[in-house]
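Student: Spelled out from the first residue to the last, the chains are:
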Amino acid sequence: MEVAVIKVGVGNTASVLFALERLGARGVLTDDPARIAEAERVILPGVGAAAHAMQNLRAKGLDAALRAFPRPLLGICLGQQLLYERSAEGGAECLGLIPGEVEPIAARPDLPVPHMGWTAMQITQEHPLLEGVASGAYFYFVHSFACPLNAQTIATAEYGRPFSAVSAQRNVLGCQFHPERSGAIGARVLKNFLSLPC
Amino acid sequence: MPSKRIIPCLDVKAGRVVKGVRFEGHADMGDPAECAVRYRDEGADEIVIYDITASAERRTIDYGWLSKIARALDIPLAVAGGIRSLEQAIACLEHGADKVSINSPALERPELITEIADVAGSQCVVVGVDSRSVDGEWVTFQYTGAAETIRKTPRRMLDWIVEAQERGAGEIVLNCMDQDGVRRGYDIEQLTAARARLSIPLVASGGAGEPQHFVDVFQKADVSAALAAGIFHSGAVRIPDVKRAVAAAGLEVRL
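Chains as they are written, first to last, in the numbering used here: chain W, 1209 to 1406; chain S, 9 to 263.
Looking at chain W on its own, in the form it has when it is part of the complex (with noise of 0.2 Å):
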């Protein structure tokens, strides 16, 4: 299975090439629209920060192959908060497939920011991506931005506030934790994402 994921720019893409080889699946990093339209599936990573990954995305006309892309989906960290409406980072206009916006953690003296760890996560709604999943598994985040709980919300992590820690609407997925880096259950989340039905 060809996985198209997408160069948003500099960033720590090779881990998730790496998981999806564990997994069998092939990932190809590509920023062409034509490539992206035709991959059985598309992942969009979490690289550098909202405002400037946007930007990077409508340069390249890739905004508009993400919003018409109609296989499984999976947005990732950053990845998740693009395809929100709005990001409070940098002010910026998102993707829009996911409603709500995209608010910063705040840093108190016992919460360090970024969230940077390992976190329970419990399953809000049942969903095939989370399949063999179990509530309060530990999934490793790393972010200083979260996106809202809301209907499309599957999953929640609690950093502060409880944040959506997975997100589902129909074939567009987002999830906040890194699944590439997350061990055997993260490597359970990814393998259930290449199984999803087209």
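Hints were generated in silico from the structure; no laboratory data involved. Keep in mind it's a predicted model, so treat the numbers as computed, not measured. Among the clues, some could well be false.
To be verified - Just a few of them, taken from the derived set where beta-carbon distance is under 8 Å, the chain W residues facing chain S:
1. G1256
2. A1259
3. H1323
4. E1388
5. P1405
The beta carbon of each residue, even a glycine, is placed where N, CA and C say it ideally should be.
Go by the hints and put chain S onto chain W.
Tutor: Same frame as chain W, but now just chain S:
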């Protein structure tokens, strides 16, 4: 809440994991990729690969073995050693590192922190700090990989970590050199002072000798993570024992 992270650090010299005591004298402990996978299996929350002589030898880490480790690993991977330019940092990320840790080059040219953070995001930038007490003040040191290159800098540790945070660091690893390798516990006083100055995560390094030392540093200095090298390589302490002790003390860990 995130769980407290336990991070084995692989000190690498000439492509082999080594174990050092107070930065001097090293013994061969095995292949980096094999060690990294073994620690992952034992429950490590993250792996740090540190090429201890890269900075002093004015080169960066070997991308060949970096990719080999990154390919095998499905937990976060940070790399350190000789990263002195944005291009090198990007190359590390593109070869599979999730974070780059910069130490001596950041002291030489602090703008490097911002340059990497602006392009790749603060979450990718870890600033490592080697510090020890000199005349009653914590002072940072540079090129600590070898006895012949190590040198004191004019920067006070507490000032430097705040500057690093302001310049865009996403995390600080504070290595307390007086404790390093001697296994008497982390430098709680120094780490507590550092933690109070930071709003980004702080990782403790230097001094772990037994599971209780991890409990102490989490409870008393409230660090986000604790790093250790020698005790894990030698098998003196195993990661599952550390995690059990931390959990038994009522702290959250990923078991």
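Student: It remains to establish, for every hint, whether it holds in the given structure.
Tutor: Against the structure, the hints:
no. : hint  : result
1   : G1256 : holds (5 Å)
2   : A1259 : violated (12 Å)
3   : H1323 : holds (6 Å)
4   : E1388 : holds (7 Å)
5   : P1405 : violated (26 Å)
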